[in-house]
Amino acid sequence: MSAGGGGGAAEGDVELNIAPIVDCFTVLIAYMLVSMSYIQLSIFEAGVAASPPPDAAPSEPPPQDKLPVTFNIEVADGNRVELKLTGGPTNINETIPVEAAGDGTINSAVLNEKLTFIKTTYPTVTEVNLSAAPAVRYKSVVKIIQAVKAVLPKVFLASS
Amino acid sequence: MSTQSHHGLQTMFRHKKKKTSDEMSLQITSMADIFTIILVFLLKTTASGINTVAPNGASLPVMAHGNEIVQDTLKMEINRDFVTVDDKTVLNLNQFEIPITELQAGGMSQSVYQAFMAKRSSKQEGAANSTLLVLADENTPYSTLKSVLASAANTGFVDLQLVVVEDN
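Protein chains in written order, with this note's numbering: chain A, 140 to 299; chain B, 5 to 172.
It is worth saying that the hints were derived from the structure and are not from the lab.
For every residue, glycine included, the Cβ atom is placed at its ideal position computed from N, Cα and C.
Treat the hints loosely; a few may be bogus.
[Claimed, not checked] To be clear about the criterion: a stretch of chain A counts as covered by chain B if any three or more of its residues have a C-beta under 8 Å from a C-beta of chain B, and this derived list gives those stretches:
{"no.": "1", "segment": "203-211"}
{"no.": "2", "segment": "246-254"}
{"no.": "3", "segment": "271-285"}
[As the list claims (entries may be wrong)] Below, a list of computed lysine-lysine pairs in the PhoX-like style, where the Cα atoms sit at most 25 Å apart:
{"no.": "4", "chain 1": "B", "residue 1": "K123", "chain 2": "B", "residue 2": "K79"}
{"no.": "5", "chain 1": "A", "residue 1": "K293", "chain 2": "A", "residue 2": "K258"}
{"no.": "6", "chain 1": "A", "residue 1": "K293", "chain 2": "A", "residue 2": "K253"}
{"no.": "7", "chain 1": "B", "residue 1": "K123", "chain 2": "A", "residue 2": "K288"}
{"no.": "8", "chain 1": "B", "residue 1": "K48", "chain 2": "B", "residue 2": "K79"}
{"no.": "9", "chain 1": "B", "residue 1": "K79", "chain 2": "A", "residue 2": "K293"}
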């Protein structure tokens, strides 16, 4: 062996035996690789629609020509979705239904189409309040949030 | 190599035993170096990565893509049998349903509200932090979600980060 390699040690030479350390490392690495999670998690940001405190003073309503358009999404049992637009300068009251897909899930394609239409028709709308029937599953709620997030920056979940 | 330089090397690595040709020695020093680097990398990934928010039993909804988890914040999980806040069980559920005795005015859950209040008053979750990481099972009914969110909202946790599994 070359001079730089490990070899037998003579008197006075101390040589670290790294074979057990390598063994430990091998076991540790194998354990960590097995226990690692390979799923990729991500998030959707949403707010909670909080009701104003009961003792809050009523704020003065804005002038008629500056009334904001309120956008609500309601999910009924059976994943039927209703997109409701109210208010605005012309005092609109429009409801756009989105029927569930054939397999009973949220019809994402139609929902995306309707949301894009709303965004182009009412560009001042920047947020939506989302509420659902008690039996509607969280999966459906998240699916709607995903669709909404593609066109609107803010989603609020109804908590009351 | 000259005799002088050879003598110098001998001095530097003095008393090294010369190996005979039938003596095989594996050079494991470099292997140990590689293993150390891999181990440090894995430890770093495990400590600061996704494992810290992995659910304890909830089957998260699978979605196409979302945003990256940007901050490590208070974590709440809802699954079939219980609700946890920071990995501590605060409420037992019956097939996702909150017991009626738990419900307060406004649809809040008493135990969950108290758990959030305790977190809010602790130093860890100061008054400024309003973000809550929500890991809910995909089959959680909205009624349960609404009660838990009402409890969170009443303690100031109004910015939700709904965790989903990315569909690859």
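Each hint, compared with the structure:
Coverage of the segment 203-211 of chain A by chain B is violated. Counting CB-CB distances below 8 Å, 0 residues qualify, and the rule asks for three or more. Coverage of a stretch by a chain is defined here by at least three residues with a beta carbon nearer than 8 Å to that chain's beta carbons; for the segment 246-254 of chain A and chain B the count is 0, and the condition is violated. A count of 13 residues in the segment 271-285 of chain A with a Cβ less than 8 Å from any Cβ of chain B is obtained; the coverage claim is therefore met, three being the minimum. A threshold of 25 Å between alpha carbons decides the hint, and for K123(B) with K79(B) the separation of about 11 Å falls inside it, so the pair holds.
Simply put, K293(A) and K258(A) have alpha-carbon atoms about 13 Å apart, close enough for the 25 Å limit, and the pair holds. With a C-alpha separation of about 17 Å, the suggested pairing of K293(A) with K253(A) holds against the 25 Å cut-off. Between the alpha carbons of K123(B) and K288(A) the distance comes to roughly 30 Å, so the proposed pair goes past 25 Å and is violated. With a C-alpha separation of about 21 Å, the suggested pair K48(B) and K79(B) falls inside the 25 Å cut-off, and the hint holds.
Using a Cα cut-off of 25 Å, the hinted pair K79(B) and K293(A) holds, with the two alpha carbons roughly 21 Å apart.
Checked against the numbered hints above, the structure breaks hints 1, 2 and 7 and satisfies the rest.
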